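Sequences are here, hints too, so could you generate the full structure?
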Amino acid sequence: MEQPNQLILEMQQGNEKAFSRLYSMYSEAVHGIIYSIVLDENIAEEVLQDVFIKIWNNSSTYSVHKGRFFTWILNIARNTAIDETRSKSFKNAKKNLSTTNFVDIISSSDSLNKKTNAIGIKKFVDALKPACIKIIDLLYFKGFTQAEASKTLDIPLGTLKTRNRACINDLRVMVLG
Amino acid sequence: MTAEELIASGKLELYVCGALAEDEIDEVERAISEFPEVKKETELIEDSLINLAETVAPPLPAMVWTYILNSIRKVRELKEPKVRAINWPAITGWAAAILFMGGIMWMLKQNNELNNDIQITNIENTLLKEEKNKFESQLADNNEILEILRSKDYQTYTLPGNQAVAPEAFAKVYLNKNEVVAYIDVKGLPSAPRGKVYQVWSLKMEPLTPSSMGLIEAPNEVGNGIYKFSDFPVAEAFGITLEPEGGSKTPTLTQLYILGTVNI
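Line order of the protein sequences matches chains A and B.
If you use the numbering used here, the first sequence corresponds to residues 1 to 177, in order.
If you use the numbering used here, the second sequence corresponds to residues 1001 to 1264, in order.
Honestly, the hints are just simulated from the structure, not real lab data.
Among these hints, one or two may not hold up.
Between beta-carbon pairs, the in silico distance windows are [stated by the list, open to error]:
{"hint": "1", "chain 1": "B", "residue 1": "E1022", "chain 2": "A", "residue 2": "Q6", "range": "23 to 33 Å"}
{"hint": "2", "chain 1": "B", "residue 1": "E1004", "chain 2": "A", "residue 2": "D170", "range": "18 to 28 Å"}
{"hint": "3", "chain 1": "A", "residue 1": "M25", "chain 2": "B", "residue 2": "E1022", "range": "25 to 35 Å"}
{"hint": "4", "chain 1": "A", "residue 1": "Q6", "chain 2": "B", "residue 2": "P1059", "range": "28 to 38 Å"}
{"hint": "5", "chain 1": "B", "residue 1": "W1094", "chain 2": "A", "residue 2": "M25", "range": "26 to 36 Å"}
Each computed EDC-like pair below joins lysine to aspartate or glutamate, with the alpha-carbon atoms no more than 16 Å apart [what the hints assert, rightly or not]:
{"hint": "6", "chain 1": "A", "residue 1": "K66", "chain 2": "B", "residue 2": "E1130"}
{"hint": "7", "chain 1": "A", "residue 1": "K66", "chain 2": "B", "residue 2": "D1023"}
{"hint": "8", "chain 1": "A", "residue 1": "K66", "chain 2": "A", "residue 2": "E2"}
No experiment lies behind these values; they were computed from the predicted model shown.
Quick reminder that beta carbons are idealized off the backbone N, C-alpha and C, glycines included.
Written as structure tokens, this is what we have:
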């Protein structure tokens, strides 16, 4: 999908309609990222609200000439969600999150998203190699830098890059056909 | 690095994830703007990842968007009053009200002070009036006495002090023999010591018969050291003695201050 630069520019000028359309385009993906981090539907909704309010308030700091809009909001979403998991109230309510990743969520979910090829994804994640799960989880859902992921998984940077590409390529074949 | 090499390097995936190192981002962005196939590839990677994340998302209630919309509108509404200029009419109004109140307070205070001043002046006026009345009545008394003493009915005698007791003393007597009235001026007598009082006697010489005429005391005073006596036996001489308070029946001759004859 080509980035909707026109909508982004309009939002930056305070156009609520443009902001509403951008919300429709990105909110579910952002929600998925947040949920994979906080693992609580109510908290995920609150964080999503915060994230989009931040997007609106800080829209002027993004430039359509630099970086993907999705990457920009992805960073805001991951940071806000991670901040939330570090808050006192969150720590009191939740104990251990580390063992759950996106595959666990997809496998255990009954009401998967209608917009996407849910069955295909389910098949894909069932067949996904454990290495791919870990790489995508760290780089995409958890927001690790390539250096951090390389260190955590104990694989060379070059290998990490090519393996990540291969994993996302598999994903792409499944979801986009 | 050619477009194909860049695509194969796996950098685009990291770029979309936001995991690429700073120095590599420039290279990727330059390639994206330069090569349509790199841009297309980036978009496909992004679509795949968006799809994956959407799959993970639980159902999203419509309320969430309503909440976001309300929040950003609230922020905008809260910002507006800050922009608005200072409300001069209100400030002027309040300032005027405060000045007005201050003015009234000041005037009340002034009024109070003036009222106090008037009261003080009234009291002073009353005191002055009383004094004036006193002086007027004194003046009238003195004039009356002066009129009496000037009249031809009265003879004046200066009675000398007793050489033995009070050589410096003297007393003046204004005597009306027809009506038997005497005014005695005791300005020349020393003032009586405490517990003592001067007593005036009329004296007949042959034989020496003293009769008390009265005391030099307030009830007999008609003004300014002048005492009036009447209805006393016809006298050939007058004497003044110092007696214990209340006076004596007979004169104490050792305390005879004044003695003098009056010609008949």
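Cross-check of the supplied hints:
For the pair E1022 of chain B and Q6 of chain A, the supplied restraint of 23 to 33 Å holds, since their beta-carbon distance comes to about 29 Å. For E1004 of chain B paired with D170 of chain A, a C-beta distance near 20 Å keeps the hint of 18 to 28 Å intact. In this structure the supplied range 25 to 35 Å holds for M25 of chain A paired with E1022 of chain B, their Cβ-Cβ distance being about 28 Å. A C-beta distance of roughly 29 Å is found between Q6 of chain A and P1059 of chain B, which places it inside the suggested range of 28 to 38 Å.
In this structure the supplied range 26 to 36 Å is violated for W1094 of chain B paired with M25 of chain A, their Cβ-Cβ distance being about 52 Å. Taking the CA atoms of K66 of chain A and E1130 of chain B, the gap is near 105 Å; set against the 16 Å cutoff, the hint is violated. With a C-alpha separation of about 14 Å, the suggested pair K66 of chain A and D1023 of chain B falls inside the 16 Å cut-off, and the hint holds. With a CA separation close to 15 Å, the supplied pair K66 of chain A and E2 of chain A stays within the 16 Å bound.
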